[in-house]
Amino acid sequence: MAAPITDLSTADRFWADADRHLVRYAGAGDFTREIIDHAAGSYLFTESGRRILDFTSGQMSAILGHSHPEIVETVRRQIGSLDHLFSGMLSRPVVDLARRLAETLPSPLEKALLLTTGAESNEAAIRMAKLVTGKHEIVSFARSWHGMTQAAANATYSAGRKGYGPTAPGNFAIPAPNAYRPDFLTPEGEPDWKRQLDFGFEMIDAQSVGSLAACIVEPILSSGGIIEPPVGYFAALREKCRERGMLLILDEAQTGLCRTGNWYAFERDGVVPDILTLSKTLGAGLPLAAVITSAEIEQEAHDRGYLFFTTHVADPLVAAVGNTVLDVLTRDRLDERATELGAFLRRGLDDLAARHPVVGDIRGRGLLVGVELVVDRATKRSSDELGALVTRRCLELGLHMNIVQLPGMGGVFRIAPPLTATEDELAEGLGVLDKAIGDASARWS
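Residue numbers (my numbering): 14 to 458.
Since the hints were made in silico from the structure, they are not lab data.
Please read all numbers here as calculations on a predicted model, not as lab measurements.
Keep in mind that a hint or two might mislead.
[As the list claims (entries may be wrong)] Pair ranges (Cβ atoms, derived): (1) Q220 to F27: 20 to 28 Å; (2) G451 to F212: 18 to 26 Å; (3) S80 to V222: 30 to 38 Å; (4) V222 to Y38: 28 to 36 Å; (5) Y38 to G444: 31 to 39 Å.
[What the hints assert, rightly or not] Capping the alpha-carbon separation at 20 Å, the derived lysine to any residue pairs in SDA-like fashion look like this: (6) K393 to E349; (7) K143 to K175; (8) K393 to H413; (9) K175 to K207; (10) K143 to F197; (11) K207 to V222; (12) K124 to R113; (13) K175 to G40.
Glycine included, C-beta positions come from ideal geometry on N, C-alpha and C.
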């Protein structure tokens, strides 16, 4: 038995215990050296009394802010009556949520499986696609992130592939269309996503053994650096899938439920996926996810003995929370609010870019925005050190920011405040980011 650590201050003892007893799970990253005591709305509060503006909605999930009073009331009420069941039993919150999700979606998406995390929902979706098609090969974007469980991790290319042995056979990546750093150009010098998509599937066809089951992609790649394919891309991708008998799975963990200004990001493109996965935003910070598909696909999966029987499938507590999330999103018209606040945020970021040459690109939609830092706008050369300096300075000044740093790409801030944030809170964050970039740029140069 490990001896307790003594003769330290309360905070020092906390970090000594954390360093001694916690498994580090963020790759090369480390824990933020702040002890979070509580959170409310758009803010986190530390034990030392610091207030930190949260520009990531927790893990891109708390779309209604922290400790939303209606979520708190739902949890208190539901946990006192029905929190968990044998996985073969059903409750009203589960059936209500499945029906209500179907009512927000276009036909033929009407059958829902309620789970816990994004990885689990993607695992279930991929498993369903393989069973229904009778094939096993899966295509996803390079720079994708779909989760850390087996099939989801096999389809994830932005991180976590090295050192864990072989992945399942039949996992392939295609390049994601990045307008700021295009792989293909038209004769006029514009990004040529059509040629890039054709090239990607030429490579897939060359490697496939003829067992292409599905393509799983994010409408906006978040961990990949807030990369949003242009209008027309997903219609063309769907056609590529149809030509090969593949199902199209859209992972809307971060883009679903109003964050982009639409209820679902795919609505912009007029493309309906065969299977849709939701997570993060559906539980507004609690572990709730969903796989939604057509009655036809569900029937075929059922006929073939589809099995995804887990401990917390269809749990009533989080399903009740999901119903409250839909209540608030609908009543408060948070899709419209995301559009309005997104425009306000974008104007502020454009002003910031006019003052700081290190801001190379601003992209995204609604309240999911990326800001890419470079040290030379002409060459788009990046610096990991600059991005780390800005991130650290933001936290010192009371703003939590998340930066994605991938090979071949500058540091990209993922800005995803709650949909309940105010313009004053966004302005506060913009002011802190402005100062942090200025301070870090002066120190870096």
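Quick rundown of the hints versus the structure:
{"no.": "1", "hint": "Q220 to F27: 20 to 28 Å", "verdict": "50 Å, violated"}
{"no.": "2", "hint": "G451 to F212: 18 to 26 Å", "verdict": "41 Å, violated"}
{"no.": "3", "hint": "S80 to V222: 30 to 38 Å", "verdict": "51 Å, violated"}
{"no.": "4", "hint": "V222 to Y38: 28 to 36 Å", "verdict": "35 Å, holds"}
{"no.": "5", "hint": "Y38 to G444: 31 to 39 Å", "verdict": "33 Å, holds"}
{"no.": "6", "hint": "K393 to E349", "verdict": "34 Å, violated"}
{"no.": "7", "hint": "K143 to K175", "verdict": "25 Å, violated"}
{"no.": "8", "hint": "K393 to H413", "verdict": "25 Å, violated"}
{"no.": "9", "hint": "K175 to K207", "verdict": "31 Å, violated"}
{"no.": "10", "hint": "K143 to F197", "verdict": "32 Å, violated"}
{"no.": "11", "hint": "K207 to V222", "verdict": "24 Å, violated"}
{"no.": "12", "hint": "K124 to R113", "verdict": "11 Å, holds"}
{"no.": "13", "hint": "K175 to G40", "verdict": "11 Å, holds"}
Taken one by one, the earlier hints fail for this structure at numbers 1, 2, 3, 6, 7, 8, 9, 10, 11, listed in ascending order.
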